[in-house]
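Asker: Based on the provided sequences and hints, a complete structural model is requested.
Chains as they are written, first to last, in numbering that gives the first Met the number 0: chain A, 0 to 444; chain B, 0 to 141.
Derived by calculation from the structure, the hints in this document are not laboratory data. We put the CB at the ideal spot given by N, CA and C, even for glycine. A few of these clues could be false.
[Stated by the list, open to error] Simulated crosslink set (DSBU-like; lysine-lysine; CA at most 30 Å straight-line): (1) A:Lys73 to A:Lys212; (2) A:Lys285 to B:Lys129; (3) B:Lys26 to A:Lys356.
[Unchecked claim] What follows is a set of in silico ranges between Cβ atoms, one per label pair, in the way DEER data are often shown: (4) A:Pro336 to B:Asn18: 42 to 48 Å; (5) A:Val231 to B:Asn18: 50 to 56 Å; (6) B:Ser60 to A:Arg421: 43 to 49 Å.
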Amino acid sequence: MKVVEERFHSVRLMPERCQGCVNCTKRCPTEAIRIRGGKACITSSRCIDCGECIRHCPSHAKTAVTDEIADLKKYKHNIALPAPALYGQFKADIPVRAILSGLLKLGFDEVFEVAHGAEIISLAIRDYLKRTDVPRPAISSACPAIVRLIQVKFPEIINHIVPFDAPVEVAARLARAEAERLRGLDPKDIGVWFITPCPAKMTAVYQPLGTEKSSISGAIAINKIYHELFKVVTADVQDARRQASWVGVGWAIPGGETSAIGVDNILIVHDINHATNVLEQVALGKLKDVDYIEVLACDGGCIGGALTVENHYVAEHCMKQRIEKKKIQDPKLGILPRSDYSEFELGIAGRRAIEPKPAMRLDADISKAMSKIEIMDATLKSLPGLDCGSCGSPNCKALAEDIAQGRASLTDCVFLLRNKVRDLAYEMVNLAAKLPPPLDKEKEE
Amino acid sequence: MSAESGIELEFVLESADFNGAGEASSKIKRTLQQLGVRPDIIRRIAISAYEAEMNVIIHASRGVIKAGIHSDRTELVVEDEGPGIADIGLAMQEGFSTAPDHIREMGFGAGMGLPNMARCTDKFDIKSEKNVGTKLRMVIYH
Numbered sequence: 000m001k002v003v004e005e006r007f008h009s010v011r012l013m014p015e016r017c018q019g020c021v022n023c024t025k026r027c028p029t030e031a032i033r034i035r036g037g038k039a040c041i042t043s044s045r046c047i048d049c050g051e052c053i054r055h056c057p058s059h060a061k062t063a064v065t066d067e068i069a070d071l072k073k074y075k076h077n078i079a080l081p082a083p084a085l086y087g088q089f090k091a092d093i094p095v096r097a098i099l100s101g102l103l104k105l106g107f108d109e110v111f112e113v114a115h116g117a118e119i120i121s122l123a124i125r126d127y128l129k130r131t132d133v134p135r136p137a138i139s140s141a142c143p144a145i146v147r148l149i150q151v152k153f154p155e156i157i158n159h160i161v162p163f164d165a166p167v168e169v170a171a172r173l174a175r176a177e178a179e180r181l182r183g184l185d186p187k188d189i190g191v192w193f194i195t196p197c198p199a200k201m202t203a204v205y206q207p208l209g210t211e212k213s214s215i216s217g218a219i220a221i222n223k224i225y226h227e228l229f230k231v232v233t234a235d236v237q238d239a240r241r242q243a244s245w246v247g248v249g250w251a252i253p254g255g256e257t258s259a260i261g262v263d264n265i266l267i268v269h270d271i272n273h274a275t276n277v278l279e280q281v282a283l284g285k286l287k288d289v290d291y292i293e294v295l296a297c298d299g300g301c302i303g304g305a306l307t308v309e310n311h312y313v314a315e316h317c318m319k320q321r322i323e324k325k326k327i328q329d330p331k332l333g334i335l336p337r338s339d340y341s342e343f344e345l346g347i348a349g350r351r352a353i354e355p356k357p358a359m360r361l362d363a364d365i366s367k368a369m370s371k372i373e374i375m376d377a378t379l380k381s382l383p384g385l386d387c388g389s390c391g392s393p394n395c396k397a398l399a400e401d402i403a404q405g406r407a408s409l410t411d412c413v414f415l416l417r418n419k420v421r422d423l424a425y426e427m428v429n430l431a432a433k434l435p436p437p438l439d440k441e442k443e444e
Numbered sequence: 000m001s002a003e004s005g006i007e008l009e010f011v012l013e014s015a016d017f018n019g020a021g022e023a024s025s026k027i028k029r030t031l032q033q034l035g036v037r038p039d040i041i042r043r044i045a046i047s048a049y050e051a052e053m054n055v056i057i058h059a060s061r062g063v064i065k066a067g068i069h070s071d072r073t074e075l076v077v078e079d080e081g082p083g084i085a086d087i088g089l090a091m092q093e094g095f096s097t098a099p100d101h102i103r104e105m106g107f108g109a110g111m112g113l114p115n116m117a118r119c120t121d122k123f124d125i126k127s128e129k130n131v132g133t134k135l136r137m138v139i140y141h
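Answerer: Here's what the structure looks like:
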């Protein structure tokens with residue numbers, strides 16, 4: 000699994016489970032899936048690892064490849080980076096420190112909350128939005144599925160994405176630096192594991208966005224460790240560890256990011272389809288008077304991630320209770336929101352531009368692409384327009400595109416095929432009535 | 000293929016059709032993406048088309064937007080039947096708008112449309128006749 004392909008994807012198909020139904024093709028926001036040979040096939044260049052197909056597959060044939068607790072033995076010193084969304088899987092009366100202690104019991108040597116990274120990024124974005132020379136609306140970089148959606152479908156607004164790492168990357172860098180400094184560990188002996196709510200973050204470990212190399216060693220799905228963790232987390236465990244404040248923890252729920260940043264003129268968008276609609280508006284030059292868009296691919300934000308356990312409405316309720324509790328208790332325990340950050344913490348030195356990955360292009364040669372569009376348009380007119388998906392493409396337009404690309408044929412459409420069979424049947428009936436002249440008695444004269 | 004062959008897209012725009020607003024621009028944009036036109040160029044074309052589309056929906060009674068996409072350029076022609084523009088020089092100034100209050104309340108009609116289009120395009124030509132209509136011709140080189 001550690002072999003990094005040119006395009007690594009966490010989202011995979013389990014062919015033995017796939018029934019070849021068309022549910023996933025219709026849910027995929029980039030139309031990356033086709034049914035071929037009775038199985039779903041994912042087009043790598045278009046997949047943004049959002050996890051929509053995992054969520055909607057009735058046969059649970061889509062899965063997310065993540066690492067396992069067993070992978071910890073590859074390193075001498077292992078650090079867990081729990082996403083704030085992990086806390087939403089537990090009731091609010093189980094304190095964060097109990098969950099962190101639980102992770103230690105599972106075999107990690109150290110725990111470093113991603114929420115620390117979220118606090119630093121919140122401050123950096125607050126400062127960034129004070130600038131008047133940056134494109135408005137600025138778009139959050141926290142959700143890797145959204146960043147990839149922009150790369151693939153909206154490359155023209157890449158410069159709207161705030162130029163900062165996602166909180167988990169910041170947390171990983173700090174956790175690593177701390178382990179090297181305080182414990183004198185060799186970087187290659189340190190394993191940094193993100194406890195992830197979604198496959199998009201897993202993919203970001205192997206295909207980092209905006210940095211050369213991720214500081215994270217791997218990602219372990221929340222739903223993979225939940226069962227073991229649940230058994231060892233008890234409310235009475237009070238292992239005191241340095242904790243992040245409510246500001247960072249709040250990032251798990253919709254609106255948490257923007258309230259941490261402290262800006263008012265904002266949009267909060269979650270669910271990949273709503274996100275697509277809003278990004279389309281930004282691409283048309285609208286929403287210039289909005290300062291910031293918090294945009295997350297999952298319905299319900301990170302707690303709605305495809306690899307979480309708890310229903311996201313329930314998790315949101317628990318998180319809100321937890322945040323209110325923390326707001327009161329944190330100051331008493333000396334846990335205060337951060338007030339400043341350094342360039343090292345932000346990782347400015349390691350940043351590189353996020354490249355467009357336009358995957359909608361039909362051909363590298365513009366005149367060939369034009370002929371393909373003409374074929375597409377002509378084809379689309381002959382298709383029934385029912386968007387049934389029985390051909391294995393998500394809709395008639397996508398089938399027209401597949402035909403123009405030479406990857407499908409008109410008879411893949413069951414309605415056109417039926418018409419063709421009917422025409423042939425009529426022709427056969429007509430032909431059956433015809434006799435060779437020597438046998439044709441009616442034609443005697 | 001000669002520079003003159005290309006793709007013609009045409010959309011009919013209806014007055015006050017705010018639900019359909021942006022559809023034509025989105026489709027033009029999608030076609031440009033399929034052709035592999037550079038993202039920053041696509042953005043300028045999409046913004047110009049959208050502003051023009053909105054102008055017809057806000058001010059005119061009906062209109063047509065045509066996009067002629069060639070390998071080296073995109074031409075946008077927007078023709079409408081409507082009140083026309085009395086003073087084009089004035090309309091080209093940022094912040095000048097004749098949009099009525101109910102349109103402004105919806106967040107449109109800030110008086111940025113024409114200057115924005117002029118800024119985004121390489122060639123910008125506007126002809127208008129009072130009580131007849133307006134014709135815009137814009138060219139953006141790829």
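Asker: If a hint holds in the structure, say so; if it does not, say that too.
Answerer: Quick rundown of the hints versus the structure:
For the hint pairing lysine 73 (chain A) with lysine 212 (chain A), the CA-to-CA distance comes to about 19 Å; that is within 30 Å, so the pair holds. Distance restraint check for lysine 285 (chain A) and lysine 129 (chain B): the Cα-Cα separation of roughly 29 Å lies within the 30 Å cut-off, and the hinted pair is therefore satisfied. Restraint check: the Cα-Cα separation between lysine 26 (chain B) and lysine 356 (chain A) comes to about 20 Å, which is no more than 30 Å; the hinted pair holds. Range check, proline 336 (chain A) to asparagine 18 (chain B): about 43 Å between beta-carbon atoms, so the 42 to 48 Å window is met.
For valine 231 (chain A) paired with asparagine 18 (chain B), a C-beta distance near 54 Å keeps the hint of 50 to 56 Å intact. Judged by the Cβ atoms, the range 43 to 49 Å given for serine 60 (chain B) and arginine 421 (chain A) holds: they are separated by roughly 46 Å.
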